[in-house]
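Enquirer: The lines below spell out each chain.
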Amino acid sequence: MEKHIGMTPIVKMITRIICGPMLVFGAYIVLYGHITPGGGFPGGVMVALAYILITLAYGRVVVESKVSGIAASVVDDIGALIFWSVGMIGLFIGGNFLLNFLEKGEPFHLLSAGTLIINNIAITLKVGMCLYAIFLALAILQRVVIEKPKEEEE
Amino acid sequence: MVNPVLLIVIPLGGAFAIPLFAFISKHLSKYISMIVALAMLIIVGVLIPAVSKNPIVVKIGGFRPPFGINLVVSPFSLFFAGIVSLVGFLVSIYAIKYIQKGDIDKYHLLFLLFLAGSVGVVLTGDIFNMFVFFEILCISSYALVAYNRDKDGVEAGIKYLIQGSVGSAFILIGIGLIYGLCGSLNMADIANQIHSVNSPLLFLALFLFITGFGIEGAIFPLNAWLPDAHSSAPSTISAVLSGFAIEVGIYAVVRFVWTVFGASNLLHFLAGLGILTLLIGELSAFKQNDIKRLLAYSSIGQIGLILFAISIGTAESISGGLFQVLSHALSKALLFLAAGYMIWKVSSRKIEEMKGIGVRMPITSFCFLIGAFSLVGLPPFIGFPSKFIIIKSALLTHQAYFYFLVGAVLLGTVIEISYFFKLLQGIFSKTEETGIDEAPLTALVPMVILTLLIVGIGVYPQAINQFLHLASHNLIDKMGYIEQVLGAL
Numbered sequence: 001m002e003k004h005i006g007m008t009p010i011v012k013m014i015t016r017i018i019c020g021p022m023l024v025f026g027a028y029i030v031l032y033g034h035i036t037p038g039g040g041f042p043g044g045v046m047v048a049l050a051y052i053l054i055t056l057a058y059g060r061v062v063v064e065s066k067v068s069g070i071a072a073s074v075v076d077d078i079g080a081l082i083f084w085s086v087g088m089i090g091l092f093i094g095g096n097f098l099l100n101f102l103e104k105g106e107p108f109h110l111l112s113a114g115t116l117i118i119n120n121i122a123i124t125l126k127v128g129m130c131l132y133a134i135f136l137a138l139a140i141l142q143r144v145v146i147e148k149p150k151e152e153e154e
Numbered sequence: 001m002v003n004p005v006l007l008i009v010i011p012l013g014g015a016f017a018i019p020l021f022a023f024i025s026k027h028l029s030k031y032i033s034m035i036v037a038l039a040m041l042i043i044v045g046v047l048i049p050a051v052s053k054n055p056i057v058v059k060i061g062g063f064r065p066p067f068g069i070n071l072v073v074s075p076f077s078l079f080f081a082g083i084v085s086l087v088g089f090l091v092s093i094y095a096i097k098y099i100q101k102g103d104i105d106k107y108h109l110l111f112l113l114f115l116a117g118s119v120g121v122v123l124t125g126d127i128f129n130m131f132v133f134f135e136i137l138c139i140s141s142y143a144l145v146a147y148n149r150d151k152d153g154v155e156a157g158i159k160y161l162i163q164g165s166v167g168s169a170f171i172l173i174g175i176g177l178i179y180g181l182c183g184s185l186n187m188a189d190i191a192n193q194i195h196s197v198n199s200p201l202l203f204l205a206l207f208l209f210i211t212g213f214g215i216e217g218a219i220f221p222l223n224a225w226l227p228d229a230h231s232s233a234p235s236t237i238s239a240v241l242s243g244f245a246i247e248v249g250i251y252a253v254v255r256f257v258w259t260v261f262g263a264s265n266l267l268h269f270l271a272g273l274g275i276l277t278l279l280i281g282e283l284s285a286f287k288q289n290d291i292k293r294l295l296a297y298s299s300i301g302q303i304g305l306i307l308f309a310i311s312i313g314t315a316e317s318i319s320g321g322l323f324q325v326l327s328h329a330l331s332k333a334l335l336f337l338a339a340g341y342m343i344w345k346v347s348s349r350k351i352e353e354m355k356g357i358g359v360r361m362p363i364t365s366f367c368f369l370i371g372a373f374s375l376v377g378l379p380p381f382i383g384f385p386s387k388f389i390i391i392k393s394a395l396l397t398h399q400a401y402f403y404f405l406v407g408a409v410l411l412g413t414v415i416e417i418s419y420f421f422k423l424l425q426g427i428f429s430k431t432e433e434t435g436i437d438e439a440p441l442t443a444l445v446p447m448v449i450l451t452l453l454i455v456g457i458g459v460y461p462q463a464i465n466q467f468l469h470l471a472s473h474n475l476i477d478k479m480g481y482i483e484q485v486l487g488a489l
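Top line first, the protein sequences correspond to chains A and B.
Take 1 as the starting number for the first sequence in the working numbering and just add one per residue.
Take 1 as the starting number for the second sequence in the working numbering and just add one per residue.
Please keep in mind that the hints were generated in silico from the structure rather than gathered at the bench.
Among the hints, a few may not be true.
[Said to hold, decoys possible] With a Cα cut of at most 27 angstroms, we get these calculated DSSO-like pairs of lysine-lysine:
| # | chain 1 | residue 1 | chain 2 | residue 2 |
| --- | --- | --- | --- | --- |
| 1 | A | LYS12 | A | LYS66 |
| 2 | B | LYS430 | B | LYS345 |
| 3 | B | LYS26 | B | LYS151 |
| 4 | A | LYS66 | B | LYS26 |
| 5 | B | LYS106 | A | LYS66 |
| 6 | B | LYS430 | B | LYS350 |
[As the list claims (entries may be wrong)] Restraint-style ranges between C-beta atoms, simulated for each label pair:
| # | chain 1 | residue 1 | chain 2 | residue 2 | range |
| --- | --- | --- | --- | --- | --- |
| 7 | B | GLY62 | A | VAL24 | 33 to 43 angstroms |
| 8 | A | PRO9 | B | PHE63 | 46 to 56 angstroms |
| 9 | A | GLU106 | B | LYS53 | 52 to 62 angstroms |
| 10 | B | ASP437 | A | ILE93 | 52 to 62 angstroms |
| 11 | A | SER68 | B | LYS101 | 19 to 29 angstroms |
| 12 | A | ILE134 | B | PRO221 | 48 to 58 angstroms |
Built from N, CA and C at the ideal position, the CB exists for glycine as well.
In isolation and in its complexed conformation, chain B is listed as follows:
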């Protein structure tokens, strides 16, 4: 069996190798990042059957878990790692032709570090190690947001840098507090003894973690960086930032609230926060006339929905939330990738300028249409089963609070429909002849693969339902997690 540590080590090795290969040719780097992402995808594929039976605990350097760093490859974390490598691979194909300006070797180096950081955050079982990977993820994304070196990009990068650094500092202080209280950095070990700690500092630490990771996860009052960063970055980076970076932030919040702290009394608060995020994101998206800002605000809305679903707290709602993570990753990556070449051809991000592009770029626009329909939640696309499971599980709680929040989710969906239809109407309207033609093949292949996945899983959701079920039970089973890590002595 392959060692899951390769999921982190291969992109790191690829990133370190790129500067040396750049002496031969800078164009080699784009193939390196594609091959590395493909290798990650294959490793995830090989690991899925083994992890479905039993989670794997990997000891780094051979040290036993409470003392050394360990990775915990459970269905829950492998699910996120799978999304990272799938979207990462498709985006790296797209980037072959799309990224032409600037130092392309540096772009691909940062992209691979970005992948390594994301996979590291979701796989690690040690809070300080998580912080380190989180920093790798954040710092590479600050640089990638400003990759175009235009005014918008640099401004967005600096905004993101400042807010992200404040978040990282919060996380570091939280880790310090936890280490002082529990004397351990291992998640399972902390989870094991956190109930015997009685100190108000514990609440402060939880607050710091939720705030710190919430900035990357774009939870409502902490998401001021997101619209700028997602809209000013190159479209490939917008696709990965929206596709999995914010989900990784949510993963970290969920991991801390559920596994490390076991703070189930906080869930109602988080569900309310999720709905607030959803409504604010959708309402802000409604009045945008910049296509990428619209998609960025829509990401905030989707993140709110994911947070709401996971915070309902039943096994079914968590699998609905994870389904929504997958659905959002595929749809939003597709939308950003399609928008990337539309913006390239029109050389403007304004929605009015996109008029009639549906006739000139039929395949790209059709993929965009599918992505938008899926995000809204129309059958038979992937967004439909995910939203359906979330709403069903919220109604099954039989609590007035959740009934009320479901109403808000539906209201958010109505707003979502209205702005996407407005956008699509513009794209598919008729105009006079312009010299715009279809996107190149390297862009069409990932878009078509994403479209096929969206339709395929939408028609046959049972394909991944079982794995999601495993993942959600794995998240709830805190004692099982502690036993897997500390019992594997």
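Same shape as in the complex, but just chain A:
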């Protein structure tokens, strides 16, 4: 890892400490989405923010070696497909798209509310990786803009 990429050591250290809890809290928001305020979207945004924070602190190269833009868009796509499949299974089992076809369970327990947990997880994958991919795309765009004037000088 090159030392001069990214921000100052203070920011890097704080990021190191804060990133794990951010991801855990995001996962908590997602998994308890059906019984407490929260759900796939806010949880997904937290997951994306953790990745974006690493990108800002350590630079794009470091984080892209772990999760590349292509990998992010594939995960994003898989999230959408999971949501779509849950809807389709509902359509084939009960005749209604997105029908909640699983056991509902006891209210206010973690394993309740049928397909909602699966849908929340699918939305997390979709939203989290999508926002991260958008951020990477914007970062690339910025690089192009910065590099262009140099070419003109030559």
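Here the structure of chain A is known, so what remains is to put chain B in place on it, guided by the hints.
Expert: The following block gives chain B in isolation, referenced to the frame of chain A:
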């Protein structure tokens, strides 16, 4: 019976599947979009007999209509869905060879999202759901307009993006106001209780909806994005944007004015606005020397005519307006598709450069000729019965206001004839030999199908007249709509 929700779900599923199939081969995506559009067309075909008897109300997730999202598949909305899937299917065949540069998998992904958004807007019975589908439609079209990544395309895309986003924001504020006033997002539920609401905010909400959807529908003061976007996009995208995207905008305006608000006292205003749009579109088209800009301005003119016809407000005029929607969708898609390969072969959009292309590309030019004749309203093509019904129904109102507007429609038609004949004269004039040959088969097949449809329906308009009649009565029957949705508990 098939579930109408498949009309929205299949293109969405296809769009999500394309990035995964792109790992095998990027060329698979063009066949996926073709198969998906064909499946949509088949579903519409299966649904037509059932919907003609009785509109279908689909509950998403099994929740009852005022509480959950529902789709209302009435003849009026199915008519638009049919146009979307028909034009979408033909354009996806054309795109097989036409779209070669750039990320073709991304093109087809966006194209399928575009189809899903269009069908969603026309089928949904919930205003917020309509907003979401409308955004899917708009955002995918912003990206598609800039697909070529040239200067014109990006500029047009950004213009379209800015105006479209302002429109979307207007719609969102309108939805907020309506939700505050009525406490519901379901169209039938709002329509049921809107007459008991007495607040000036209601007028503001209607204004916001008409402005917001009017931007996509290219109603006169809101259509500055259209000529750039339609002319700079790849021709396949121009064909779908002109063929059904602006009609979907008009559908949304009509749905809100007629069904949700029941604002029949606004119709005279909308009819006048339609005529203004018509005249401005045709006059601007007259002085163009860029073939695609000419067609784009002509679309504005046609949209004005459609808005005028629907705003006359009788059952017959509405079926005339819907006939015009079909006629415009088929003719304008055909014109843009034909122009696409003409521009490709000449590598210029200037009309002067097109001289003599009629001899080099006989089939393409002949299809272009049929499309232009149909748009002008010559018999025996589809444009003739549609314009005839509109003018007849306007005269039958026996109101001086509409007599005056019919005069303006005829004036618009004269302008339309003059610029199309000028264009055709150039295309079919004689020039020296150049190395230009006919368009490939994948382009000729959709063009010939469109030509056959234009001639076929033009010769035998009764084929669809009955369904249009059903659709127009379905739009007028507001109480029936409320009963179908809320009664289906």
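Enquirer: Against the earlier hints, flag every one the structure doesn't satisfy and list their numbers going up.
Expert: When the structure is compared with the hints, numbers 9, 12 turn out to be violated.
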